[in-house]
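Between the sequences and the hints, there should be enough to build the whole structure, so can you do that?
Chains V and B, in that order, give the protein sequences.
For the first sequence, position 116 matches number 116 in the working numbering, and the numbering has no gaps at all.
All you need for the working numbering is the position in the second sequence, starting with 1, plus 387.
It is possible that part of the hints are untrue.
[Claimed, not checked] Partial selection, computed: residues in chain B whose CB lies under 8 Å from chain V:
(1) A412
(2) S466
(3) H467
(4) T509
(5) D529
(6) F532
(7) Q548
(8) I549
(9) L741
No lab work stands behind these hints: they were computed from the structure.
Note that the Cβ used here is the ideal one computed from N, Cα and C, for glycine as well.
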Amino acid sequence: MSPNTATLVEPFEAVCADPYATARAAAAEGRKVAGYLCTYTPEELLHAAGYVPVRIFGYSDGTQRADGLLQAYACSLARAALELALSGQLDFLSLTVFPHTCDTIQNLADVWRRNVSGALHVTLATPVNVESEHAVRFYRAELERVRDLLAAANGPIADDDLAASIALHNEHRAAMRRLYAVRRANPGVLSGRDILTVVLSSFLMPKEDHLGLLHELVSALESAPAAPATGPKVFVAGALCQSADYIAAIEDAGCVVVDDDLCTGSRAFAVEEQACDDPIEALARMYLSRRPCASKHRPGHSFGRDVLARARDAKADGVVFLFTKFCDPWAFDYPEMREVLEEAGVPSLLLEIEQHVAPPEQFHTRVAAFAEMVGALHGGANERATS
Amino acid sequence: MSGERVPIKTAHKLMQLMMEYYMGAKAAESTDRKIAWVTSGAPVELLHAANVIPIYPENYGALCGAQKMAVELCEVAESHGFSRDICSYARTGFGSMLSEGGPMGGLPKPDFLLCCNNICGTVTKWYQVLQRYYDVPLLYLDTPFLHGEATPETIEYVRAQIVDLIEQIGGIAGSPIEQDGLYQTLQLAAKAIIIWGELLDLMAHKPAPMNSFDTFIHIAPIVVMRGEQRCIDYYEALTAEMKERVANGVAAVPGEQFRLGWDNLPVWFRMGALSKRFAQHKACLAAATYASAWAQPIDPDADDMLREMARSYLTVYINCGLDQRVQTLRRMADKFFLDGVVLHSDRSCKAYSLGQYELARTLRDEMDFPVLVLEADMNDSRVYADEQINARIDAFMEMLAARKT
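Written out as structure tokens, the structure reads:
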């Protein structure tokens, strides 16, 4: 990484170093901040209603308070995020939005509403069957319902404002996709750890500000010379990863992260433009047609074949599944994903993580062993390809 | 302390009925009659109206659990890469599917699948796995979770999908679902639901003629045969026996002193031991949210029959938020004169369980209603700690006894 690139990444690192400081400061300046779980939340709607949308992660040290309200078999995202709220660290929020995701988040939404006060609480019934015109019609109505709720609190949301917010977010997602494309073509140009830092900060600061920094970074990377990237190339897949330490650990073990399927990653930016006159219909179609999370039902979709195809596109030598412990949707798909990869001769490694806990020793050991194994299979070919 | 239970005479008919059901389905495997695997909360009336045999992997999971065969089947699934943290019904089913093991050598193979997510999001993933394995059509009914009231748009969304299902099921079965046929099936289902509800209501009598440990067993027909005459016949016979018990003052738990509610699925592999433990404390489980979930009324004579189906299937207990669950439990406590409630925190069922600590907190702190939380699992005995559970039950019952004096 050139000194210039390092400078360009610094502002993103600064945001992630104290994840909610930026949003808290915005709130202190009188701006309304909306917190949401899950990337099926149409940030555009919140943005058009005048909020700074930020994503709620489990950035807490422990889960002492949350453990009194959620069983230990709730995933660490749910427990740690609830802990954050119960300990007052999200008290700057004016609004919280819970889209329907999975059994855990669905129940968390109610536990949260009954125990965390201060913000308007909105649940959004995102359809589970994402491939049906009935679902589009229903989701439009649901988004209109939320629009009315937000309008009641903040004044009407004009179609033009909504269209402008959609345009802003489309531009942002396109820029993020460009960032990913640069890395796929030139994996040594920016580390996976830095990429995740850019991604995470995009959820924690005003989109306009992030977009400005992102354009500068992507332009610099696109004109950067080919960078050496030795070591096995890996594709990372799972629900989410809220800490760049995990990606750093994978890279410290000698792997080069070339792409991912994470909702703190490419999946969040897989929302594509839709040509619709009605902005609400556009949102409904954009979010339902995006590459699905494992908690959704898209008839005929195979996560195994999808991960394989995307890993091949990125010329990955192996796949690291970064699963959140107790995340059922991904766990159900794992045997199929592993089998499809195995049949294609792509080695994979399953690692279960607790979102709010630093990578334990065993994580490092297992990644190192995997890196060695994949390196032995592919090392020679890689060196030729990147020299 | 005795802990003797009074046996139910009608029980032999249940065994016969369930045997007929499973054997009939097995025999149909080699005929033209279609078999559909279906989730426990799906609108099974559509299948009956198309002369399709519904098979319930969840019921089969319970059967494996009760026969203590679940763990070895779970281990088969786990050896194929399924995590120990996912639903133990699903693991039991996958184990049976992959090894052709379990009671009756596994279930008859499906011609298609019908999945409704009104009971959990887990079934979505479970049925996707089944779809890939059996390579048969998967029909899906999306019933958005209700944090508050169902909006007209939500009901319309479900209704529109039911209209599609009628087409799809008729197409696969090779015999279109007619309005009249569906109406008749709904009438039979509605009648069975009413009888089942009235049967449960008999447990409001002191002493209760039946224990929830009994209803967990006798629930099978309302789950798998709803919409068939034999389901009605069975519950009429069982109701007659229970009415006779009420008339004669026969208690399910002799010397009943305490009446408890139960929330969540049963612990299938410890039904006998748990039943005995509570009975030793003269405690009867007089009500259960799990049993009453199938007493959800449906009105076949509603103006728009399909809208009524949509409403009914949307608003089941487990598809409603915590506010609703608190109300349901509170009403149950009043109606059945409960002294306390047992919340089975079922590691396998996040949909049912996460939120129970908040339920417990609300009932205990805001309503001064005693609550016992038991950490267990419906099918996976490997996560069940007998001594710990028994100690907690004993302590809870001592506390209840102290409250009464």
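Here is what the structure says about each hint:
1. A412: For B/A412, the interface hint is violated, since the closest Cβ of chain V sits about 26 Å away, which is over 8 Å.
2. S466: violated, 10 Å
3. H467: holds, 5 Å
4. T509: holds, 6 Å
5. D529: holds, 4 Å
6. F532: B/F532 check passes; min Cβ-Cβ to chain V is 5 Å, inside 8 Å.
7. Q548: Holds, because the Cβ-Cβ distance from B/Q548 to chain V comes to roughly 6 Å (cut-off 8 Å).
8. I549: Result: violated, 10 Å to nearest chain V Cβ.
9. L741: This hint holds: B/L741 lies near chain V, its Cβ roughly 4 Å from the closest one there, short of 8 Å.
The structure does not agree with the numbered hints 1, 2, 8 stated previously, though it agrees with the rest.
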